[in-house]
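In order, the protein sequence lines correspond to chains A and B. For the first sequence, the working numbering begins at 1 and goes up steadily by one. For the second sequence, the working numbering begins at 1 and goes up steadily by one.
Hints are not guaranteed to be accurate.
As the list claims (entries may be wrong) - Covered by chain B, according to a simulated footprint, are these stretches of chain A (three or more residues, beta-carbon under 8 angstroms): (1) 52-65; (2) 72-79; (3) 165-172; (4) 195-205; (5) 221-232; (6) 237-248.
Simulated from the structure, these hints should not be mistaken for lab results. Here the structure is a predicted model, which means the values were calculated and not measured. Ideal placement from N, C-alpha and C gives every residue a C-beta, glycine not left out.
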Amino acid sequence: MRAVVAAFAALVVCASAAGAADASRASNTVVLVTHDSFAISKPVESAFERQTGLTLRVLQTGDAGEALNRALLTAGHPEGDAFFGVDNNLLSRALGGNLFVPYAPPALARVDPVYDLDRSHRLVPIDHGDVCLVYDRAWFAKHELPPPRGFEDLIRKGYAKLTVVENPATSTPGLAFMLATVAHFGPGNAPWTFWSEIRNQVLVTDSWDDAYDNRFSGSSSHKGTRPIVVSYSTDPAAEVYFAGKPLPRSPVGVVRNTCFGQVEFAGVLRGAKNPDGARKLVAFMLSQQFQAGIPLTMFVYPVREKTPLPAVFRKFALPVAHPLELSPATIAANRDAWIRTWTDAVLH
Amino acid sequence: MALSHKVLGRLLRGAAAAAALAFLGLFFAYPLVTILKRGLGGSVPTDVWLDGGTRQIAWFTLWQATVSTVLTLVAGLPLAWVTARLSFRGRGLVRALVVVPFVLPTVVVATAFLALLPSSLQQGVVPILLAHVFFNVAVVVRVVGGYWSRLDPRLWDAAATLGATPVQRFRRLTLPALRPALAAASALTFLFCFTSFGVVVILGGPRYATLEVDIYNLATQSFDLRAAAALSLLQLAAVAVIVVVSSILEGRAGTRIPIAGDLATARRPTRHERLALAAILGGASLLFGLPLAALVRESFATPTGVDLTFYRALWQETPTLLVPPWRAIEYSLLYATGATAIAIVVGGLATVAIAAGRRGGGWLDTIVMLPLGASAVMLGYGFVIGFDAPPLDFRDTWWIIPVVQSLVAAPFVVRILLPALRAIDPRLREAAEVLGAPPGRVVREIDFPLLLRPLGVATGLAFAISLGEFGATVFLARSDRPTLPVAIYRFLERPGATNQGTAAALCVVLMAVTALSVATADRLTARAGRL
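Make a model of the complete structure from these sequences and hints.
And the structure:
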């Protein structure tokens, strides 16, 4: 015991010294402020640093909504130079907050114009993905029930108490799914009728992690009991890629006509200490190299045309051809009211 | 001569109070006032306070915290008794292990609970209360047990000899003697439950919210800073009232029991006691062992069998984290060491000043405790906008993280040291002074040796709290310098067996580091105390 204690004390001292030495600030740094789902592989990061001579530092400030709100709080005195992770649902809030200065990298010409939603180019598209209903294949096979084919199936007999959704007031995929029902059922009361009908059938969680990891039966943790969850269209690829062993078939499937399209943007922050570095970083995020790395790090799709997809994506997670959509202006005008209506219909 | 000693002592205590206040003023009051001012913009938010929804949330916050505290005391006292009074094999281990649940990320514990609860209990009040007990029993065992083990057991023996039944001894002797420690532990537990966040979000679901949860949602999701600031003020005011009440209870020292000093206070259990011991340890291992065992199992159960794959993954680059996961151990130890040092200094200074204050130094006591009641997200926001420009351009320095963690750890230091300091019989000091010992020597030869063991308890707990701190750390930590809880959170956020398994392995590492550090603190002070 004495030896263990001594060794432990020595370890603490060494770790402290190492950490403190490491903590000295590097000069010529560019800081990317982003959400928790951002990821970059080491080779791509090194390529950026080699090409530009800059050091990349990443600051993750919560989920997409949290990160944007914190950027709004610090508008003009940003915590970094560039920002990544504004999506189409939050686009108007970001632009209204005067957070970004215009910059159009040359590679924008290679991006499909459907993603280029901000004509002033304060924000440029980097990736896109979809929020959909995802289901547990094994569960439906075992219970001899066909997987759902659309929203309406959730109301059908046999599908009661099978679904987990996220609260749109506290979760980005939850918001996207609520918008998907509005886009599908049309304006007026139809979406809220749908929600009142399923309110006792769905389990609502505050976050995607809780829904997917704890409540959904199809995730690798096998902790949950419900076989349908609101999640991402790339989950079938992610479950195979992170399975830890080869899988011939993905354990989860996607209900493809429930998908709501999401586009994520990056921009140069107003008041950045290193605006030149920020422009280089945004330009790099549209480069072939960064775009090709997007699928296996962030599990969304590149926006740059002709970027090759990795095999696991080609096999298990091809992009959804025509996802449900609402214009950023419509979302901006109605988001808060819709969230209130949803809360009244489902939670109260 | 005597007068100058008195003046010197008063000056020193004034300086101690000033130093503690300066630290809390700069790193707590200033950022908090900054964000509250930004949120309220000069208006008085009576509309938010009087809102029906607010009242409902405030009521839920209050009653769940009260019930949780009572349940935690009931569950914790038997364990405090066996670790303080009975000597048995593995006592040190039990004392160290009991702290483990306390530092685990709430996400992880909530998940472990979900796996064990029947599906009818997966969202609601019952799982919230159970999880609160699970987390906070450590506080009762460490704070009350630590105090208990220093009381002279011969008094109990005397009472027994005089014919007092066990129930009488408990009611007339144990309870009054433990009152200061019970008040301290209850206050800490209550504050933790009152400001509970992760447990309520996951186990309560969207239909239950504490003030803290509502503040978080308003501030980070709806971006309604005004309402968030209004509720933060409400929460702070409630916490201040709680702290004042409990410090009055704590300061009203009940029966003064002699401190045992070097005397062994634990003895071999009698036959009856052995039965009780087995029952208590058995019950504890069910409540605490099952969720923890589930985690450990998860870290070894890989898709290809039972092996070390997830532990080997700690050394591999991963897109989930910007550094290999093992680096999180290094940053956790670095930050926790710094935070513990700060918490001991600030908490120690505050304790000295509070104990010397004429009316119990109540106001300083309240101020030190307030960080426990402040909303982590609002304090984080305060740091982000308050420390953004010279001369206070601190928000991306590395040491800001230990500073934030120490704000949460320092109240524990005070709550542990203060009852211990007050329990020292003033006649001991007076005797020393009469015999001509200068104040420095009194502190060195009376106070310090008697405070060494509580100081060990405080150090271990402060270290554990800093290791486990999540709310404020995740707000300020750079992505390439994650702590263990932050790294665990990042892995849990991604789908796939490897990510979930690596998170479980990191949890086991966090548990091991915690148990080791607490045991180390116990050992070192126990040994030094014997000198």
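Evaluated hints:
no., hint, result
1, 52-65, "holds (count 7)"
2, 72-79, "holds (count 5)"
3, 165-172, "holds (count 3)"
4, 195-205, "holds (count 3)"
5, 221-232, "holds (count 4)"
6, 237-248, "holds (count 7)"
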